[in-house]
Amino acid sequence: MTPESVIGLEVHVRLRTRTKIFCACRNAYGAPPNSLTCPVCLGLPGALPVLNKAAVELALRLGLALGCRVRLRSRFARKCYFYPDLPRNYQITQHDEPLCEGGRLEIGDREITLERIHLEDDAGRMLDRAADQCLDFNRAGAPLAEIVTRPDLRSGEEARLFLRALRRLLRALDVCDGDMEKGSLRCDANISLRPAAGAKTGPRVELKNLNTMRGVRRALDHEAARQATRLAAGRPLVPETRGWDARRGETFRMRLKEASSEYRYFPEPDLPPLVVDEDRLASIRRALPELPANRERRYVAALGLDAGAAATLCESPALAAYFEAMTRALDDASACANWVTGEVLRICRERTLNAAAFPVLPGEAAALLRRVAGGRLSLGAAKSVFASMVAEGLTAAAALARADLELIADRGALAPVVDRVLAENPDQVASWRAGKTGVADWLIGRVMAATGGRADPALVAGIVRARLADD
Amino acid sequence: MSGSAPTTLLAAAAALRGGETTAAALDAGLRDAADARAGDLNCFTWRAAAADPFPGCEGGPPAGASPLWGLGGAVKANICVRGRVADCGSRLLAGWRPPYQATVVGRLREAGAHLVGATVMDEFGMGSSTEHAATGPARNPHDPTRVPGGSSGGAAAAVAAGLAWFALGSDTGGSVRQPAHCCGVAGLRPTYGRISRHGLVAFASSLDQIGPLARTVADCAAVYEAVAGHDAADATSLRAPLGAPLDAAGRSAAGLTVGVPRGGPTPADADTVSDFEASMEALRAAGVTVTDIDLPDPDIMLAAYTVIAAAEVSANLARFDGAVYGARAVGDTYADMVARTRAEGFGREVKRRILLGTYVLSAGYRDAYYERAQRARRRVAAAYAAALSACDAIATPTAPAAAFPLGDKLDDPLRMYRSDVHTVGPSLSGLPALTVPTGRDRDGLPLSLQLTGPALGEETLFTLGAAVEAARGEGGGGGP
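Protein sequences, first through last, are from chains Y and Z. Numbering of the first sequence is given in our numbering, commencing with residue 1 and proceeding in unit increments. Numbering of the second sequence is given in our numbering, commencing with residue 1001 and proceeding in unit increments.
Hints listed in this document are in silico derivations from the structure and should not be mistaken for laboratory results. It is possible that part of the hints are untrue.
Some chain Z residues judged to face chain Y by a derived CB distance under 10 angstroms, without partners named [what the hints assert, rightly or not]:
id, residue
1, L1010
2, W1046
3, S1196
4, A1204
5, E1344
6, F1404
Idealized CB from N, CA, C, for every residue including glycine.
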């Protein structure tokens, strides 16, 4: 019997504030090393932390969206350990009185419950520069919300789905850009096995630094398999911290748990208790946007979209907004959804664009699609017109006028073209007569080609079949 | 300057206002005194060069200027002055120049004061004698074989010897009040949060407060008025308006009530007890009612203080790892470098407290020590609040005896810690406490009274302190 995996995640979310959590340095990614530092985030003697209220606001937005209970009075604590990237050699975090407790996030028809969300400051980064180890403290003091789940996840794939659902929520709330490659979203996982649901779990292994969606799934699957293999072979498991080597596709031991440091938490004396005003909390709750899960359900139930399109649209708030703006101009949600998940998304990816900055307005995209719906433009032609709208910033009307791509739906204009194609292809006409009726499609294709794809395909087929039958 | 040269900050300010002297002349006086005595007293970490200008202090003080205008003061070597050494009394920070400035230093400059130097202190504030200073010890101006107290001992010695009109020290468990006592000057520990800690190198953050030392109570009030008040750079800073502390030093104390611990001032030697009684007599004569109150057991307060302060030390001093600033030892690995840096850089007393603090926060011991000490702290604060509901201020000696001889307690940390027995209660409770010089013991060494007030009760302390000083003080600030 295959043992069951019991998995809990610790996700670090870098909050999108203008400045760091305890000082006025800019909270940004990619600046030259140590250019965004000050006495506070460098931990210089005598420097004191002052809490950035914007970080609290974002954490509360996240906590409320995840259905957490918010502590109106929480506390910061010092977590003491020595590490080169930790400027004060203690981290300012929240320990036994976190800002948010409880809460849940849906993945499909499963609900993953949360332990807590707390605020803390990020450490710096060690840069490998040839033989020298260098430290970059730009990230030190960046505001983090740490989300701790309960051990509700059962597979690497569920962990991946959880992170995807979390990422789209973070983006919908605009609390974090969710970019794992920039370290804006980082994940550690705890995994243990048990012989069956409800049975006692084995020793817990912590997997550190799972920094891609795929890495999370692969590392957990690999680790579950490793533990199962050991158990099957009668070899014991030990509590330990392991890393993930994506290149070799395996986890490796970093340290044993009994050797792990003890953090000597105590209340942070430099910061008074964090008091949240109930009115403020209520106004943050009122200002929450429609959450992606609700939006996805609405798209399927009220707009009749298929599940895949609804999920894709809800992945990014900008994409969903684009879609909704299109539907306001064109009353065909499915056509709009197909267009956005197809053309708009493809072009966004090709050009690494956010849909919010898409060069064609949703209203213009809708105007183009209206021609397709009215039978005046083929879908294929619409795509190439759209490409020129994107490339040259044209309105639908202007692009169509210039490309002269409107469907030729005029029987009088098409009949001479059909006659010419039949005259030029006597062999094919002969084989049709001999009973090979499939040849008609080939002839229709020739007519379409002769009109540059602009002919109304249904009309062409009618004329071709009529002419062949007449002869 | 005439024969009646000013000996107090306020007298000097009056002389400046009256055009009887100039800032430059007063500064020359301080320099001459320091040239003569600073070497023997070993009270400065650095002194401002003679050529250091203090712009804007030509002519006389403008209307509405602070009494500090044009006057030279000192800061303890754990208060950051941009670009000047703040060694905190430690080898580990020898030569460290902060790239930023403490809020209090900015406020002194705004008041028109200038710095004559930084003063010697026990390493990171841990000590009662300056014998734990990397460049120490400083000497007591009243008797160079005696300690000046600590940890702000250099500051107290400089003020007492007339080398600065005032100084800013820091007080965690008594580090302003006990040296003020030893050197016969006035010293205030303000309400926790009253003076910004931004730029004060931390010892124990929940207890640390910057406080003024000066020759009289009114001088202390003038310095307090210049540097106290809300600062956005310190999240524990209080927002309450400042009021008029200097005026309070001139108010009548009649009608106020002072609480005295039932059973008298203990622990205290015989001279301290009789001096304390004389002070109570003086207060009664000034129309003050003296009443009995109850204070917590001093040993419990000292134990709670020792545990909490050590716990915070273990975290606050963790940053001194040699990585980014300060001294760095050579090591084979990062961990080795850090261990050697700390082993070589920290002195014995600091190491003792780091070890103790690490221990009391460790799993398995935390409940028995740290949590228990926190509970004791809450009970101490409640007991002080209860006592202060029956009086305007509490009177005790500042210390059990006058300044002790150098070397006397150096090998016995527990005896050294007992120097703080009367001062840790207000620290644990976050309350303001003022040391007022009162008399001398049989060896001619200064003795003092400590007045503890309710939160934000500094003004009452200045009123009562000035009354005691008027009856018992030596007028010119008790200079040696």
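Hints and how they fare:
1. A hinted interface residue such as Z/L1010 counts as satisfied when its beta carbon comes closer than 10 angstroms to some beta carbon of chain Y; here the least separation is about 30 angstroms, so the hint is violated.
2. For the restraint placing Z/W1046 at the interface with chain Y, the shortest Cβ-Cβ distance is roughly 17 angstroms, beyond the 10 angstroms limit, so the hint is violated.
3. At its closest, the beta carbon of Z/S1196 sits 9 angstroms from a beta carbon of chain Y; the interface hint therefore holds under the 10 angstroms criterion.
4. The criterion of a C-beta within 10 angstroms of any C-beta in chain Y is met by Z/A1204, whose closest approach is roughly 8 angstroms, and the hint holds.
5. A least Cβ separation of about 17 angstroms between Z/E1344 and chain Y goes past the 10 angstroms threshold, and the interface hint is therefore violated.
6. Hint status for Z/F1404 relative to chain Y: violated, with the closest Cβ pair at about 30 angstroms, above 10 angstroms.
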